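Visitor: Here the structure of chain A is known, so what remains is to put chain B in place on it, guided by the hints.
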Amino acid sequence: MAKKRFDGWFILSIVMFVAFMFILVYPMFGLLKQSVIMPDGSFSLEEFQKFFSHSYYTQTILNSFKITITTTFLSLLLGVPFAYFYSFYKIKGSKLLFVVSILCCMSAPFLGAYSWIMLLGRSGVITKFLKATFGIVLPSIYGFRGVVLSQVLNYFPLVFIYMNGAFRNTDSTLMEAAENMGCTGIKRLFKIVLNLSMPTLLASTLMVFMQSFSDFGTPSTLGEDYKTFLVLLYNEYLGETGQDYNYAAALAIIAVVLAGIVFFLQKWATSKYKFSINALHPVQKKDPKGILAVIIYVYCYLLCAIAILPQAYVVFLSFRNCKGSVWGKGLSFNNYANAMKKKLVLASRNSILMGVFALVIIIVIAVLIAYLVVRRSNALNHLIDSCSMLPYIMPGAVIGIALIIAFGKKPFALTGTMIIMILSFVIRRMPYTIRSATATLMHIPESIEEAAISLGASKLATFVKVTVPMMSSGILSGAILSWVAIVTELSSSVILYSNRTTTLTMQAYVYIGRGEYGTAAAFAAILNVITTISLLIYMRISKSEDNVKL
Amino acid sequence: MSNNISIKHAVKAYGSNAPVIPDLSVEINGGEFFTLLGPSGCGKTTLLRMIAGFNSIEGGDFYFNETRINDLDPAKRNIGMVFQNYAIFPHLTVRKNVEFGLKYKKFPKEQIKDIADKFMKLMQIDQYADRLPENLSGGQQQRVALARALCIEPDVLLMDEPLSNLDAKLRVEMRSVIKDIQKEIGITTVYVTHDQEEAMAVSDRIAVMNAGVIQHIGTPKNIYQRPSNLFVSTFIGRSNVIEGKLIAEGGKTYIETKCGYRAEMTNVLDEQKVSQDIILSIRPEEFILDRNASEGIAATVNSCVFLGLNTHYFVTLSSGEDVVIIQESSIDSTIEPGTQIKLTLNTDKLNIFSKETERNLLKGVQNDCIL
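For the protein sequence lines, the chains are A and B, in the order given.
The opening residue of the first sequence carries number 1 in our numbering; numbering runs sequentially from there.
The opening residue of the second sequence carries number 1001 in our numbering; numbering runs sequentially from there.
Just chain A, same shape as in the assembly (with noise of 0.2 Å):
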């Protein structure tokens, strides 16, 4: 038995370790690099002396910031009372309203950044009739408001799934006991309730600011003249007045470093909320009665409703006729058949393609190190999953600009691949399936393995035959985020992307960009279609209504 420690697990530690520093830790590397090192091969830090000095730079650290905190407190403010409301009363049509909020959250961000615009911008459908009926004329939605707008009203079903985990795994008898104390109501709330679900307060939270922070293409989309930092970066990688490589590579490097600043941040604080509850007796929904009834119904359903607006004005803005940027009159296929002209087909396929093969690897890795992690602990697997993490804090542009300085010359000239392509969503991507398979399988107890080899079974059959379908649910929620996610990948496609391996979610982008709304609005709603399908299909097979967890 001594010569456990060398087995193919072994082996396996080696290769993903090798694998890791190689996809993620090389071009890091790279990245880095070319940050200090000068065209002329000489070291310098004057890019990152150039950011410092000039005001309209460092601005948009400042704006990001602005826009990331009011994001995520707006978030925060609308999500948690919508999960608490969700998970303590009983609501009619709450699986609807579950199902809305998720495909809320999946959508690709700048999609709904663009329908705002449709409906509210300088010619948008509710600026148009407000102002021709009453004449009231709305504020811009250009800017930072809008931004935020869009944004929170992406996000804030986020902090609704993390929380409505949450609340479902507080013990009645814990709110029981505090009722018997003297704290009801409002103070139980706040005192016993949010304070125990305080950890996934902070991951929501977490996620929610690196979401926002890393989003390139709402404010690109909507932020006109208010420059975010990450606007920023893609100009200068992409800009159209002149590339400067070194000075982009500086900007993702201090992207890194901000995003790490504040995982770390979140980290501490969350380290002071350890405990763990374990819910034997889950709160029983009441039935809301009165005036909380009222509150209780119009808040949920107005704030789904207007979360699904600007994605249901999509896809019937797919249908209307258009030219160019100018809407006409009647509904027809015309935006679709000129998305046909438009490498339709090849963009789904593409779309759909790139996106199973990168789930499957996913899968893969996430399963293996789940295994490594919770079953054979040491520490090189635990050096392999904070690898793995990484990502996390690594925004998409980041890893497009790494990607292309690590495999975009020889001897891996891999740019426009599909391979570079399947290597972002891996990388980007993973750390979701990773996260929920690891959980699922610390739940897992050892001697279920130990069972079936003890009755004959190989270490190999044993971990195909009974580890790998007792951890499917996990894998398989973490994996319906993974796949969403891919399919509605912007950030580091707009750098890697070319005409060959052109995707769905590119495809819209590329022709908001140009003006052909009615273009964009066909791959749009065709992007929806497949979320929606691929949300609904997995709602069927687990079976359980609000059992998707993040």
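Among the clues, some could well be false.
A short, non-exhaustive set of chain A residues, derived as facing chain B with CB atoms under 7 Å [said to hold, decoys possible]:
#	residue
1	I448
2	S454
3	G515
No lab work stands behind these hints, which were simulated from the structure alone.
In this text the structure is predicted, and so the values were computed from the model without any measurement.
Note that CB positions come from ideal geometry on N, CA and C, so glycine has one too.
Guide: Just chain B, lined up with the frame of chain A:
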């Protein structure tokens, strides 16, 4: 099917820490129901898992009959194992669970169904064959685990606290199920528990363990009546421990308690018939309580608890030592707290231990422990 297990000088250690099991040897006979009993952390589960192959063996030799199994893969040891948490595969039906081992042990395909049927019937779970385990009670799950472990015709059956997750009533029911089926199949069984009553109920022989060392191996009766040392006497059943002296005088030996009570002992080991300090271990039923006696240990009743068949008295001896006495309840009266009483001792039954070595000084200890 009745292999004997022999373990010689087993050592278990984690890293460079002091070994959990320093040096352990034991012979388990073929077809025997053998129990490892001890407080938690004593190494009993560790030893069981070394036999199963899930824990590494740092030293010594493990044999099934003449085959050394130290380096044999757990899957090839042909062991049936029942776990504390049942370890039923939650994604497979009861039938698939039972058939799991048959498939991997390469039983002929056409027999698999029949064998599974036979064992499900034997364990009375045949009506649940197509259900998923989540729909079964704890007791039913344990029956599935047992059927699954037994149907592969293992050489040895290992059970790790199989009843500790069940409620009290089911535990009593399941332990006779386990004992009956073991006798019927005649399989060598090693059973781990910390519950001494459970151990007594099922075992042919018990090994009492403490801190990685076997203290006493014997039949339940012998372990209870003539425990090899003070630890065993206090761990098995309830014992009052009081200090005293052994006095050798004119060819006879007497015990003398601190309060001056003296009684002759006729069953002291010959080589121990010398005056020395001893510890008396007196079970609650080994005190003789006589309200009218003039001779004996003076004591005061503090409180009493009526438990139906028996009544427990909590008593302070004149030496200041507290003891518990169990008397069969009588119709007329219980003794009121505060009453002064006299106690004598049942010298045939009580045990005495050397204060220095804590070993039993009486004849009749049967310890199969290999020293």
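Visitor: All hints are to be evaluated individually against the structure, with a verdict given for each.
Guide: Each hint, compared with the structure:
no.	hint	verdict
1	I448	5 Å, holds
2	S454	4 Å, holds
3	G515	53 Å, violated
Going through the hint list in order, the structure does not satisfy hint 3, though it satisfies all others.
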